[in-house]
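Asker: Combine both chains into one complex, guided by the hints.
First to last, the sequence lines map onto chains W and B.
The first sequence lines up with residues 142 to 401 when you count with our numbering.
The second sequence lines up with residues 81 to 409 when you count with our numbering.
Worth flagging that the hints you see were computed from the coordinates, not collected in a lab.
Keep in mind that a hint or two might mislead.
What the hints assert, rightly or not - A partial selection of chain W residues facing chain B, derived with a Cβ cut-off under 10 Å:
#1 Phe165
#2 Val238
#3 Ile246
Virtual Cβ for every residue (Gly too), placed ideally from N, Cα, C.
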Amino acid sequence: MSASIAVRNSGTMLHRSLRHGVRFPMMLITGLVTPVILLLMFVYIFGGALGSGADGMPGGRSAYLDYIAPSMFLTTVCYGGGTTAVTVSVDMTQGIVNRFRTMPISQSALMAGHILGGVLRTLAAVGLIMAAAVGLGFRPHASAAQWAAAAGLLLVVTVGLTCLTIAFGAAAKSPGGANTAVLPLQILPLISSAFVATRTMPTPVRLFAEYQPFTPIINTLRGLLVGGPIGQDAWIAAAWCAGAALIGFTWSRRSFSRRR
Amino acid sequence: MAVSPPAIEVSGLRKAYGGKTVLDGIDLSVPQGSIYALLGPNGAGKTTMVNILTTLLPADSGTARIMGDDVRRADRIRPLISVTGQFAAVDNLLTGEENLIMMANLYRLGRGRAKALAADLLEKFDLAAAGKARGATYSGGMRRRLDLAMTLVAEPRVIFLDEPTTGLDPRSRHAMWEIVRDLTGRGVTIFLTTQYLEEADQLADRIGVMDHGVLVAEGTADELKRRIPGGSVRLEFSAADQLAVAAGLVAEAERDPKALALRVPTDGGLRSLRTLLDRLDDAGVEVAKVSVLSADLDDVFLALTERSTAPTGRPAALAGQPTAQKEML
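Bound conformation, chain B alone (with noise of 0.2 Å):
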C-alpha cells in the first residue's frame, strides 16, 4: 500500500470563460483530515474552483485530483464527495425530512436505513422540531445545517462549502462553524470556500488566499499574519499643527490628516512603544489619544488583494482601516 495521496491535489489549473480568465494556473495540495479554506473577494475564482473540483465544470488545463483519482473521471469522484453549494442546495417543497430520506433513497440506503438515518442527523442538527416543515419555511441558518446534514447522508471523505455562512446572523454563523469543526473529528477533509478572514482563522488548517483567479499567498493563519510584521500604532493629535510635528519628527508614519491622526508600523513590542512616544514627548508633541493595532488577517487580506487590484504604489498593508483595536492604551 503507498503512502495515502492528499486529499485534494492540484496544478496548474486554468479556466477561461469566453476568454476572461478566472483561474489563472492554481496549485494547492489539502491533507486528508484537515480543513482548507479558500478565501478571497467576489470574483475571485473560488466557486469555479470548488465546480471543478466537484465535477460539474471541466477545467482548460492543469489537473486536479481527489483522493488520487483525476477530477476528470467523474464516476470515480462523485462516491467520494459532497457539496453544498453557494446557496443552500435543498429541496424547498419537501420536507427536512423527506430531503435527507430522499438523498438516503438516492444513495440507495435500503427505507429503514433511510428514516433512521433522517431521524438521526435532524437530531444531530438541532432540526428534529423543523422535520415535518417545508424547507422553503426554514431560516437561513436551518436551511444551511438541513444542507450540510444532506451533505452527510453518503459519509464522504472530501466535502465542498462554498461560502457556508454568507448571509447568516452571527449566532447560526457560530452553529456552523461548531458543525464543521466536528466534521473532521472523523476524518473528512474540508475544503471551503468564504469571503469571511474570521470564518478562514476560525476554521482552517490551512488557508489559500485567492484574487483575479490567483493564489496570491498560502499558509496557516499565523504564518499569514507573520508577513505583516507587527502591528501599527495609531496617534491622535488635537490640532492640525501637533500632527505636522509629529509627522515630521517619525519618518515612516503614514499622516490621517482629516482625522489628525499618524499610524506608524511598530513591533509591538513596549520597548519601541516607549521610544516613540518618548521622542514625542520630547519635542513637546501633545498625543491626544494612542491606540495599538495589531495585525490581523483583514490586514494580510487587504495587503495581498490590494497589490493586485490598485497597482497605485500606495504600501500595502496600510490600505485598509484597522479593523481590530486589539488594546486601548
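Chain W on its own, in the form it takes in the complex (with noise of 0.2 Å):
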C-alpha cells in the first residue's frame, strides 16, 4: 500500500469523522457546551468565594477567572477526549467498520482519521473555550512566544489525550462503557491544581494532586499565560502527554485490527 493511497484513504476517513462529530448533537453538546458551563459557574457562583482572600488568591472574581482559564482550556481537551470515545465506540459498533477491513485501502487510514478528527474538533471546543474566557474578561500578558508555546502544550496535550481517549473507545465494549472510561480524565482535573492551589489540600490529597499529571499540565499552562513559576513542570507535562500518546496510540492500533 503507497504511502499517497494512505494519505488519501485517511483524509476520506478524515472528512467523515468531522461530519460524524457535526452530525451527533449529544456529543456536540458534551464537548463544546459542558466547558463552558462549567467556565461559567466556577466564574460566577465559586468566584466570588475562591477569588476573594483564600489560600493566595487575592483579587475577586476577575482575579479567579485568570486562574482557572487555563484550567479550563485542559478540561476542555478532557471532555473533547470524552466526545471521542464515544464517537469511536459507536463508530465500531458499527457494520461499516468490518466492511472497511475488507476493502484494499489502508487499513490505518480509519483510526488515523478519528485522531486527526478527534484532534481538530476538541481544538475547535478549546478556541470556544478561549473566546468565551476572554469575553469574560480574561487578560492574560503573555508575550507571543509565550502564547505559542501555551498553544503548542494544548496541542501536544490534545493529541496525547486523543490517542488515549480514542484507545478507550475502540476497546470499549458499548458506548456506555466508553463514556464511563473515560471519566477520570474529566475528574482528575478537579483534584489538582487546577481550581484551588494544592497547598490547601490534606496532605493525602495533596500529595496525590501534585504527583498526578494534570497538575504540571496546569502549572506550565497558567505559567505561560498568566506568570507563575513552571520550572521542572514543563517536561514532566511533556513527558506524560508523550507516555499517553504512546500508549494510546499502540493500544489503538491493537484495538483497531481486531476483529468484532
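Answerer: Set out below in C-alpha cells:
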C-alpha cells in the first residue's frame, strides 16, 4: 500500500469523522457546551468566594478567572476526549467498520481519520472556550512566544489525550462503557491545581494532586499565560503527554486491527 | 492463458475457536458467474466461512482461493471482492449519497466520477428520493439496498452476501432477490449465506447445506430435493379406532395419534395413491381428509440437519412438520 494511497484514504476517513462530529448533537453538546457551562459556574458561582482571599488568591472574581482560565482550556481537552471515545465506540459497533476491513484500502486510515478528527474537534472546542474566557474578561499578559508555547502545549496535550481516548473507545464493548472509561480523565482535573492551590488540601489529597499528570500541565499553561513558576513542570507535562500518546497509539492500533 | 479458475475454491478448511470446532473440513467450488448459497441454521459456521473468504479471519488449516489467489494474500484478494455483512454495513450518520461517495473516494475514483456513480446507483436501487436522508432513517429494506449499492461501487468480481434478507419483510425480500439476480447478468459471482430455504431455492445455482461446521449436502435445488424421493400423503381420520385399523394396513406409515392422522410416504404418482386409498376403502376405513405433500427443500433441510443434531433414530425425512401442501384433495 503506497503512502499516497494511505494519505488519500486517511483524508476520506477524516472527512467522515468530522461529519460524524457535527451530526452527533449529544456529543457536540458534551464537547462544546459543558466546558462553557463549567467556566460560567466557576466564575460566577464559586469565583466570588474562591477569589477573595482564599489562600494566595487575592483580587476577587476577575483574578480567579485568570487563575482558572488555563485550567478550563485543559478541562475542555478532557471533555473533547470523552466525545472522541464515545464517537469511536459508536463507530466500532457499526457494520461498516468490518466492510472497511475487507476493502483494498490502507488499514490504518480509519484510525488516522479518528485521531485527526478528534484532535481538530477538540481544538475547535478549546478555541471556543478561549473566546468565552476572553469574553468574560480574561486578559493574559503573555508574549507572542508564550502564547505560541501555550498553544503548542495544548496541541501536544490534545494529541496525547485523543490517542488515549480513542484507545478507550476502540477497546470499550459499548458506547456506555467508553463513556465510563473516560470519566477519570474528566474528574482528575478537579483533584489538581486547576481550581484551587494544592497547598490548601489535606496532605494525602495534596500529594496525589501534586503528582498526578494534570497538575504539571496546568502549572505550565498558567505560568505561560498569566505568570507563575513553571520550572520542571514543563518537562514533566511533556513527558506525561508523550506517554499518553504512545500508550494510546499502540493500544488503539491493536484494538482497531482486532476483528469484532 | 490457462482455463479460468473457479471464483471460489475451498478445500479442507478448518477453524476452531477456543477448542470449539466451527468449520470442520469444508470443500467447495463455485464457478465464475454463478450464485452459490450456503444454507444452514444459526451457528452452523456460515459467517465464519464468509469471514475467512473475505480476509477478515485466518483459517486454522486448509486452503481457500478467490479467482485463483490464496485468501491469505489479503492485498490480492481485497480488490476482487465486496462484502455486505450480516448487519447492513452502512454509515448511519451519513446520507445515502454520502455513503456511496465515501466508498468511491476510498476507491479513489475522482470527484466527478464519484458523484455520477452515486447518483446512478441511487437511481438503480430505488433510493433516489432518499439520497439526501441519513442511513439511520432508512427502513430495513432500504438499508440493505444501500448496502448492496455500496458493494457495487468498486465493480467486484465476487460478492459476499451474509444473510442479505434476514429481518426483511416479504416485499423487501423479493426486491432484494430481483437485485441479486440482476447482478449475475454482469458475470459477477455471488456467494450468499441464508437460513431461508426459499431464498436458496430462488436464487442459487448450487446450494451447500451446512450444519455444525460440516457441509452435509451439496447440489442444485432439484438434486437436493431428489434426495427425499417423492412426498407423502397425509390421511386424517374422524376416530381413533379408524386410525388404528389404517395404521395396521399401511406398515410404512408414521402415526400422529393427537391429530388422528397418518403420514404415508409415496412417489407422488396417481397409481400409488389410488392403490393406497383402495386398500383403505376395502377394509372399510373412513378417511376424513386426504392431502398430498410434495417434498420441498424444507424436508431436505430438516432431514439433513436433524440427522446431525438429534440422533434419536427418528426417521429423518419425517422429523419436521410438512410445510407445503401443494395439492389438496
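Asker: All hints, please: hold or fail.
Answerer: Okay, the hints, checked on the actual structure:
Annotation: interface hint on Phe165 (chain W) holds; nearest CB of chain B at approximately 7 Å, less than 10 Å. Nearest Cβ of chain B to the Cβ of Val238 (chain W): about 8 Å, under the 10 Å cut. The hint holds. Residue-level restraint check for Ile246 (chain W) holds (minimum Cβ-Cβ distance to chain B is 5 Å; threshold 10 Å).
Checked against the numbered hints above, the structure violates none of them.
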